[in-house]
Amino acid sequence: MAHNSHDSSSFAHPAPLRLLIVVFVILVGLTVLTVVAAKSELPVGRFEVWVAMGIATIKAALVAAIFMHLWWDKPFNIIVFLSSLIFVSLFVGFTLTDSIQYRDQVEIYPNDELPPKPVNPYQASDPGE
Amino acid sequence: MAAVDAADTHEHDDHSHDHAPFIAHHFDSARQQFDSGKLGIWVFLVTEVLFFSGLFVAYTLYRFHNPEVCQQAHYFLDTMLGAANTVVLLFSSLTVALAVRAAQLENHRQVVINVVITIACAAFFLGVKAVEYSHKWDMGLLPAGYFSFTWPQHHHEGISGWLIMLCIVPTVLTVLSLAAGLFLWFTDSRLWGSFWILLAIGLSGFLIGAVGAQLYQSSSLAPELRIDEVAAVTGHIAESKDHQDGHSGEAHLSGTHSPSETSKNDSTDSMKGGDGENQTAEKSHDAAAVAETENDAEAHAADAATGPPEFLENRIGVFFSIYYCMTGLHAIHIIGGIIFLAWLLFRSLRKDWRSDFYGPVEYVGLYWHLVDLIWIYLFPLFYLIN
Chain Z
9 MAHNSHDSSS FAHPAPLRLL IVVFVILVGL TVLTVVAAKS ELPVGRFEVW
59 VAMGIATIKA ALVAAIFMHL WWDKPFNIIV FLSSLIFVSL FVGFTLTDSI
109 QYRDQVEIYP NDELPPKPVN PYQASDPGE
Chain W
736 MAAVDAADTH EHDDHSHDHA PFIAHHFDSA RQQFDSGKLG IWVFLVTEVL
786 FFSGLFVAYT LYRFHNPEVC QQAHYFLDTM LGAANTVVLL FSSLTVALAV
836 RAAQLENHRQ VVINVVITIA CAAFFLGVKA VEYSHKWDMG LLPAGYFSFT
886 WPQHHHEGIS GWLIMLCIVP TVLTVLSLAA GLFLWFTDSR LWGSFWILLA
936 IGLSGFLIGA VGAQLYQSSS LAPELRIDEV AAVTGHIAES KDHQDGHSGE
986 AHLSGTHSPS ETSKNDSTDS MKGGDGENQT AEKSHDAAAV AETENDAEAH
1036 AADAATGPPE FLENRIGVFF SIYYCMTGLH AIHIIGGIIF LAWLLFRSLR
1086 KDWRSDFYGP VEYVGLYWHL VDLIWIYLFP LFYLIN
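From first to last, the protein sequence lines stand for chains Z and W.
Here this note's numbering is used: position 8 in the first sequence is 16, and no number is missing along the way.
Here this note's numbering is used: position 276 in the second sequence is 1011, and no number is missing along the way.
These aren't lab readings, by the way, just hints derived from the structure by calculation.
Every clue listed holds true.
Here are the simulated lysine to aspartate or glutamate pairs, DMTMM-like style, with alpha carbons at most 25 Å apart: (1) W/K1086 to W/E841; (2) Z/K47 to W/E803; (3) Z/K82 to W/E783; (4) Z/K47 to W/E867; (5) W/K773 to W/E783; (6) W/K1086 to W/D770; (7) W/K773 to Z/D81; (8) W/K1086 to W/D923; (9) W/K773 to W/D1087; (10) Z/K82 to W/E841; (11) Z/K82 to W/D770; (12) W/K871 to W/E959; (13) W/K871 to W/E803; (14) W/K773 to W/E841; (15) Z/K47 to W/E959.
Cβ-Cβ distance ranges computed for the label pairs, FRET-style: (16) W/V778 to Z/P24: 27 to 33 Å; (17) W/F757 to Z/S48: 51 to 57 Å; (18) W/P756 to Z/F102: 47 to 53 Å; (19) Z/F102 to W/G772: 31 to 37 Å.
Just so it is clear, CB atoms sit at the ideal spot from N, CA and C, and this is done for glycine as well.
Please work from the sequences and hints to get the whole structure.
This is the structure we're talking about:
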């Protein structure tokens, strides 16, 4: 890319037309692939979610890198965007590990039974209901 | 950096020397203005990602704890419609990227064309979504608390009352902007006239999408909802549950279907204004569905009293709550995107962009790509569950 530092009007880097179209074709191909992978009876089993998420992540990376120009962007913008993903993974990860602790209690719900009444340690006696 | 420094020293010598009219007075150069705006939009996108992440956490937890409910729910989501919408959004991402490129090259005509195509894709997406939503509302697949599922009858066709309601506002907007555009074109201002006409062309994508999806939905291409398939999912689960539950199959048979029948009548009343024919047709079909369920239960009766689908009233409503929250919030972002794109369309028609001033196109483009990114994750999470 021509980067003329003598002129402030030359900071635009038009993305190559062919690249944009190729990326679009790849994205559509990955969409077809993920649908086929989900519909077929491949022995992926419980890894299916991870296959679908992996393909989605490749698509997302392509969109971010090429369509959103992150590939050519200043490193600071990339860091800003990636930092959000770090916090999202912390959010999901900690919530999941926490909820695993309560899994047994969650699984009581389906059978239309009331969950065990939570005990409030700060309430000495329950006023009659 | 050298460019910024050079501009900086110039600025202090002579304030109006190379200060182009589009540069706000607190910026030294076009480049600094552009970079500041871009950092701002990236920070905004970060907040958007975190905003959606709460819903993604809700989804993850729900699916983690209730995998079988999600498995059952996927019978109610049409993969083909979802995939079509994915491709449409990907294509709109391409056209936005092309619009940014055209703006950088000061090719105003191409910016206008690409922005109009993007608006059309966005409206098309919403049209398909309207068909999907109305189809679900007809079946009573509503958020938890309002959930009242009844098996759909495929013989009773016709356009859903919900779909007509959803189409009113986009149709009125399309017609009004077309009328306003034609009026302005022939009287007052070519600029405003062409803006409203092009906006009408873009918004008409909604009706194209809605009609296309409706034709698909009522054609033989759409997968038929089979009660035995849905029941088979719970069949396995009921078996495992019966070990804890004892023989509760018969209780479920009467327990789940009588409330659904009464609530069904309520929902059809409000939906179709008490259309007598539909109701009788629905009732007979519902009776048939119950009979079918009983047959199914009998078929399974050999192996330890598996009840009919006892899934629906209990927990699947929460799945649809999450579904409506996530796709609805995404749809709101699409509507917002259309508004920003319309603003871009006007400025493109005014030929505002220069190779050193195309920031707004880039910023709206980045926002639009993020909306696309979120859909890239929503699509497999909701439409590709097996």
